[in-house]
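4 protein chains.
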Amino acid sequence: MEKRLKYAMVGGGAGSFIGPVHRMAVRLDDLADLIDGCYSSKDDWRAMIERVKGEADFVAVCTPNDSHYPIAKAALEAGMDVMCEKPLSLTVAEAEELGRIAGEGGRMLAIPFTYTGAPMVKLARDLVARGELGAICKTVIEYQQGSFRKIDFSKPLDKRNAWKMDPARSGPSCVVADIGVHAFTLAEYITGLKTESILADLSSFAPGNRLDDDASILMRFSGGAKASIVTSKIATGEDNGVRVRIYGDRASLFWEQESPERLVVKYATGPDRTYRRGAKYLAAEWPAAAARIPAGHPEGFIEAFANIYREFCAAVRDRKPHDFPGAREGVRAMRFVEAAVASSAADGVWRRI
Amino acid sequence: MEKRLKYAMVGGGAGSFIGPVHRMAVRLDDLADLIDGCYSSKDDWRAMIERVKGEADFVAVCTPNDSHYPIAKAALEAGMDVMCEKPLSLTVAEAEELGRIAGEGGRMLAIPFTYTGAPMVKLARDLVARGELGAICKTVIEYQQGSFRKIDFSKPLDKRNAWKMDPARSGPSCVVADIGVHAFTLAEYITGLKTESILADLSSFAPGNRLDDDASILMRFSGGAKASIVTSKIATGEDNGVRVRIYGDRASLFWEQESPERLVVKYATGPDRTYRRGAKYLAAEWPAAAARIPAGHPEGFIEAFANIYREFCAAVRDRKPHDFPGAREGVRAMRFVEAAVASSAADGVWRRI
Amino acid sequence: MEKRLKYAMVGGGAGSFIGPVHRMAVRLDDLADLIDGCYSSKDDWRAMIERVKGEADFVAVCTPNDSHYPIAKAALEAGMDVMCEKPLSLTVAEAEELGRIAGEGGRMLAIPFTYTGAPMVKLARDLVARGELGAICKTVIEYQQGSFRKIDFSKPLDKRNAWKMDPARSGPSCVVADIGVHAFTLAEYITGLKTESILADLSSFAPGNRLDDDASILMRFSGGAKASIVTSKIATGEDNGVRVRIYGDRASLFWEQESPERLVVKYATGPDRTYRRGAKYLAAEWPAAAARIPAGHPEGFIEAFANIYREFCAAVRDRKPHDFPGAREGVRAMRFVEAAVASSAADGVWRRI
Amino acid sequence: MEKRLKYAMVGGGAGSFIGPVHRMAVRLDDLADLIDGCYSSKDDWRAMIERVKGEADFVAVCTPNDSHYPIAKAALEAGMDVMCEKPLSLTVAEAEELGRIAGEGGRMLAIPFTYTGAPMVKLARDLVARGELGAICKTVIEYQQGSFRKIDFSKPLDKRNAWKMDPARSGPSCVVADIGVHAFTLAEYITGLKTESILADLSSFAPGNRLDDDASILMRFSGGAKASIVTSKIATGEDNGVRVRIYGDRASLFWEQESPERLVVKYATGPDRTYRRGAKYLAAEWPAAAARIPAGHPEGFIEAFANIYREFCAAVRDRKPHDFPGAREGVRAMRFVEAAVASSAADGVWRRI
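Chains as they are written, first to last, in the numbering used here: chain L, 83 to 435; chain P, 83 to 435; chain D, 83 to 435; chain V, 83 to 435.
A portion of the hints provided could be inaccurate.
Repeated chains share a single entry, so a pair holds when one copy, or any two copies, can fit it.
[Said to hold, decoys possible] Below, a list of computed lysine-lysine pairs in the DSSO-like style, where the Cα atoms sit at most 27 Å apart:
| # | residue 1 | residue 2 |
| --- | --- | --- |
| 1 | LYS88 | LYS232 |
| 2 | LYS241 | LYS362 |
| 3 | LYS232 | LYS362 |
| 4 | LYS88 | LYS276 |
| 5 | LYS237 | LYS362 |
| 6 | LYS237 | LYS276 |
| 7 | LYS276 | LYS402 |
| 8 | LYS124 | LYS155 |
| 9 | LYS135 | LYS362 |
Please keep in mind that the hints were generated in silico from the structure rather than gathered at the bench.
Start from the sequences, fold in the hints, and give me the full structure.
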């Protein structure tokens with residue numbers, strides 16, 4: 083019988099959105115027991131790491147951005163695997179260091195870029211890899227939220243929005259670091275292409291926000307393909323509008339996070355094909371998509387999150403890589419953030435990634 | 083601190099769809115610990131009930147239809163609450179008896195009519211109750227599955243489809259008892275109306291099926307409103323097509339299970355309104371819809387199921403009713419099944435419910 | 083060069099919806115010149131028929147239901163072809179007589195069942211005929227309008243609604259005769275099946291309406307397939323909700339009139355296919371769909387109407403049948419109306435068609 | 083009674099997509115008689131202009147880009163009004179000259195930016211103008227076609243694609259000049275904002291194409307709002323994917339050309355509103371949207387085109403401006419084209435418009 087995993091959590095206390103998601107995701111598939119937690123900034127996470135050292139298999143880091151690096155570092159150095167929220171750190175250098183520490187220590191480091199866990203995103207990646215789309219030429223990704231439009235700015239900000247708009251805690255970027263990194267990671271994850279350079283135009287629209295809350299970004303991949311990313315926190319009325327369009331010279335695909343169970347593939351000639359998660363025809367060729375419940379019984383965000391945890395926990399057990407985003411993706415996302423900020427500051431200059 | 087609940091399960095073993103759903107739903111919100119189970123027909127569920135008596139707070143019944151009644155009865159009589167899969171029994175009489183036993187023993191009896199746990203279905207019900215639609219005149223519900231079209235009939239049936247097509251185990255009806263009851267329950271749950279009589283035309287299209295696998299049903303509510311239900315297991319290409327349209331004299335509403343996070347309300351004059359689960363504007367007036375994760379982060383089938391378990395577990399703790407379908411709904415659904423079978427057998431005669 | 087056609091119109095004056103549609107449809111493809119018209123009930127259509135006899139190629143009849151029969155009859159007997167609005171007459175007998183007159187006189191008689199002119203409906207019919215769906219088992223059609231909910235009943239009815247609710251002018255049925263016939267015709271047109279019997283439940287919900295404004299109808303086709311039709315004029319918030327679902331044992335199809343350019347075909351195994359009007363891949367196998375403007379440039383109601391006129395005008399020139407609904411469809415639709423009214427009056431009895 | 087208009091056409095002969103659209107649009111509403119035409123490049127359009135001078139009210143110019151300027155100029159100078167296809171010319175200077183000639187001669191000059199004629203685009207513009215969206219911050223427009231992916235490049239190009247890829251006939255740009263101008267015009271038309279500068283990344287992906295067939299463009303409006311435009315002819319599987327998202331600080335709107343009858347308005351708080359063309363509630367406040375046929379009876383591309391012709395023909399009669407795009411829009415679109423080409427050539431530099 084499988085050894086039962088144990089984990090501890092830093093962050094994710096009262097008012098947190100993502101902490102409970104981690105815990106629900108772990109419970110959904112009964113992957114591990116939560117044995118300790120440091121849920122408040124008043125508590126001492128170093129003490130907790132000492133407590134669980136040798137007992138916990140992994141630590142989940144759900145704090146604001148500025149403490150990802152020290153906590154992840156301490157946990158890795160204490161010999162535990164780490165599931166660390168994005169962005170992995172405040173700087174590329176820190177992210178690279180975490181990657182190095184994990185690599186040298188033989189530790190697993192995962193970053194829950196949630197949408198890479200969505201079954202239809204995995205199918206998208208697989209279809210591209212099999213050549214179903216032909217050569218990729220253009221990628222268009224939107225990640226539009228209206229969260230900053232739901233704020234009543236006449237009152238003090240709630241904790242979550244306060245730290246997201248605070249350069250000291252959020253780092254050099256707000257929207258690019260918070261959700262733009264999802265768009266960027268999706269682009270590279272699905273296409274399998276490597277971004278060469280980007281050009282960004284960042285804006286701050288929300289009252290009093292010193293960081294970016296809207297971004298339009300041009301991208302160039304190695305090999306000549308192009309991309310466009312728009313991402314925003316001032317996109318009034320959008321809840322979580324992740325929309326991915328990828329155009330190859332043979333076919334294109336479209337996926338929308340708010341209707342995650344469908345993947346549309348469109349051809350130069352021939353009718354569109356709509357793949358449905360869990361459909362029987364997927365089972366043979368691609369078992370992972372069909373696993374939890376049948377087609378037509380919607381799975382969503384928590385399930386996608388749990389898919390990342392499944393792979394991560396398998397790696398924690400096996401001590402070898404599985405299909406989840408890790409240090410490599412975390413580092414690349416930080417390069418994306420730094421390049422976007424620098425490009426925009428220079429008023430539109432292509433920056434290498 | 084809340085007493086931690088304990089439960090045991092009968093059925094839901096290898097090959098079961100719904101057993102794992104129960105377990106995931108319970109774990110998602112960390113509602114109870116599974117302390118025992120009788121997952122195979124080779125095991126003795128009576129012995130298990132003896133074992134857990136006095137320890138388990140409730141028993142989840144996930145077996146084929148023919149054993150719902152004896153297991154639920156035994157568990158109730160052993161002083162435990164029961165979450166029993168639909169249809170509650172094979173006959174109206176059995177269902178009524180279970181209701182009586184539960185009532186007299188002060189036991190909770192819940193039937194997981196999953197879709198009544200969907201937040202937007204609850205919003206639909208609330209909008210109707212508040213008069214937003216005016217007087218309800220017409221309800222049109224589809225519950226279309228193509229599951230029997232995915233079967234290779236040249237091979238022996240798998241266990242699940244085998245018992246569903248077997249009158250001895252499934253009861254007098256296949257499609258009406260299995261999924262038609264969801265459509266019926268949704269109709270009454272959302273409209274708040276009581277069905278007076280129905281007229282059904284049942285068919286058997288799948289090779290070798292001795293029970294109904296397709297049904298078209300006319301309904302009349304007390305007070306004069308009308309309804310139409312179509313339900314099928316031979317609706318090729320449909321995964322789980324539950325579509326609900328309810329027309330009042332002031333507005334109408336539309337909900338589709340495969341896109342569960344949206345509820346559309348249409349008016350005689352004025353633009354359509356689309357409500358989104360978890361949207362901030364819902365929070366004040368209707369907290370339950372906004373609870374788990376924010377708008378735009380899709381919740382689905384397991385979450386809806388878990389909503390029913392939340393309410394049921396609250397009732398198990400409080401010893402008073404909460405918002406979940408129970409004996410009343412289970413009995414009415416069985417009347418619907420019996421009336422449909424009888425009406426069709428008489429070649430189209432209105433039967434009272 | 084082709085002889086240029088000439089036509090005259092009866093009805094379709096001020097306040098008419100459908101009269102202008104006929105004229106726009108004819109002009110869109112430059113099919114004929116309108117040489118005379120009798121647009122008001124104060125004018126004498128018999129005199130107009132005398133005037134245009136020998137000159138007009140055809141007469142378009144756009145009056146209320148009660149005058150379809152005498153006008154069409156007079157025009158046919160005057161040796162002209164006729165495009166007559168649905169329902170063709172007030173009774174089956176009248177419809178049959180018109181068919182006989184047209185047949186004996188070698189005259190073309192067309193009924194503009196608009197949706198049979200929609201390219202994707204023609205594709206649907208062709209796919210069924212080629213066996214793409216396998217054996218048809220179930221057809222589910224909705225034709226839902228909320229037009230009677232837009233009326234301010236505290237004021238006198240406008241002309242159009244007044245005659246539609248008046249048995250003397252509308253005939254024995256309102257909703258079934260007015261739009262139910264479209265649903266019925268679509269069912270037979272696409273499936274190629276013949277309805278054997280129906281069972282109807284008609285209701286009157288609009289204030290003061292003496293005719294049916296809501297109907298739920300069960301149907302049985304020769305050969306064992308079943309169907310369900312719901313149609314209404316009190317479906318608040320619906321504009322013109324024609325939705326067609328046809329289930330074969332191999333595949334199913336879905337078409338929605340308000341998004342007429344898409345046809346979805348769903349399979350027991352394999353992804354859904356969405357066909358788009360005008361797509362290049364359709365051109366080779368099915369030229370008619372690709373004719374007017376390319377895919378992605380929406381055609382709609384007027385274009386579908388014009389497609390019927392194209393075929394009708396081709397028949398007027400060629401003196402041989404083309405692809406448009408005629409006396410046969412007009413007669414069958416009247417049988418549907420009579421059977422629905424009789425079945426409902428008998429409180430739910432299957433009536434042969 | 084209104085004077086009946088007369089017009090002549092240059093271009094729009096065999097193989098033309100847009101020539102027939104002009105003629106159908108004019109006929110749909112019976113706006114004018116086509117009295118002469120020069121449909122082939124072998125014919126002499128100067129001779130035709132001489133022939134119709136003094137008789138035709140206007141000339142419709144449907145030729146490839148390189149002859150727009152001389153033909154429009156000649157027609158204006160001959161005292162006729164002009165409906166000239168986009169792009170208005172090959173250079174900004176030519177476009178400005180045409181505007182000057184029209185202005186000095188008191189002539190009407192219209193450019194059929196089709197989508198500005200779509201009722202829901204007009205509603206979008208009106209909602210923005212009334213402040214329904216608050217201050218506009220971000221605009222995201224896609225105009226994606228896969229037309230160049232439908233070409234078999236192993237064969238000689240057909241006439242239309244040949245001239246579009248030929249710099250001598252198409253001008254300095256292919257995709258930006260051909261369809262990017264629609265996206266740009268929509269952005270300014272709906273928002274009422276003026277573009278200050280743009281930054282473009284153009285690519286050529288189609289085999290042998292010397293001009294751009296894919297573009298990603300960043301935009302800055304006067305006053306601080308931002309925009310992003312992506313447009314392509316190599317977007318495999320897209321037919322005519324015009325998608326417009328406009329975000330204000332109070333609400334946002336979404337319109338999709340392939341479903342042109344719906345306009346979605348989303349709010350920071352409160353449910354989404356979906357407006358439908360022709361809906362009764364629009365009639366009072368905005369008559370133009372409700373005119374031709376009722377809600378639910380789809381109008382499409384030809385109808386939108388005809389709306390521009392309606393306004394243009396009214397102006398031709400009244401000798402005063404109506405609601406159609408003219409020289410101003412034509413000139414601005416040419417500035418957009420020139421700036422895009424120059425910005426991309428300089429490898430990403432903001433260029434003023």
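Checked hints:
Proximity of LYS88 and LYS232 under a CA criterion of 27 Å is satisfied in neither setting, with 37 Å inside one chain copy and 40 Å between copies. Proximity of LYS241 to LYS362 under the C-alpha cut-off of 27 Å is restricted to the inter-copy arrangement: shortest distance 17 Å between copies versus 45 Å within a copy. With identical chains, the CA atoms of LYS232 and LYS362 are at most 27 Å apart between copies only, with a shortest distance of 8 Å across copies and 41 Å within one. Taking CA atoms no more than 27 Å apart as the test, LYS88 paired with LYS276 passes in neither setting, with 35 Å inside one copy and 51 Å between copies.
Taking the shortest Cα distances, LYS237 and LYS362 sit within 27 Å of each other only across copies (17 Å), while inside one copy they are farther apart (52 Å). Within a single copy, LYS237 and LYS276 get their C-alpha atoms no closer than 43 Å, and across copies no closer than 34 Å, so neither meets the 27 Å cut-off. Within a single copy, LYS276 and LYS402 get their C-alpha atoms as close as 24 Å, which meets the 27 Å cut-off; across copies the closest is 56 Å, which misses it. For the homomeric pair LYS124 and LYS155, the shortest alpha-carbon distance inside one copy (20 Å) is at most 27 Å, but the shortest distance between copies (52 Å) is not.
Proximity of LYS135 to LYS362 under the C-alpha cut-off of 27 Å is found in neither arrangement, the shortest distances being 44 Å within a copy and 40 Å between copies.
In summary, the structure is inconsistent with hints 1, 4, 6, 9 from the numbered list given earlier, while agreeing with the others.
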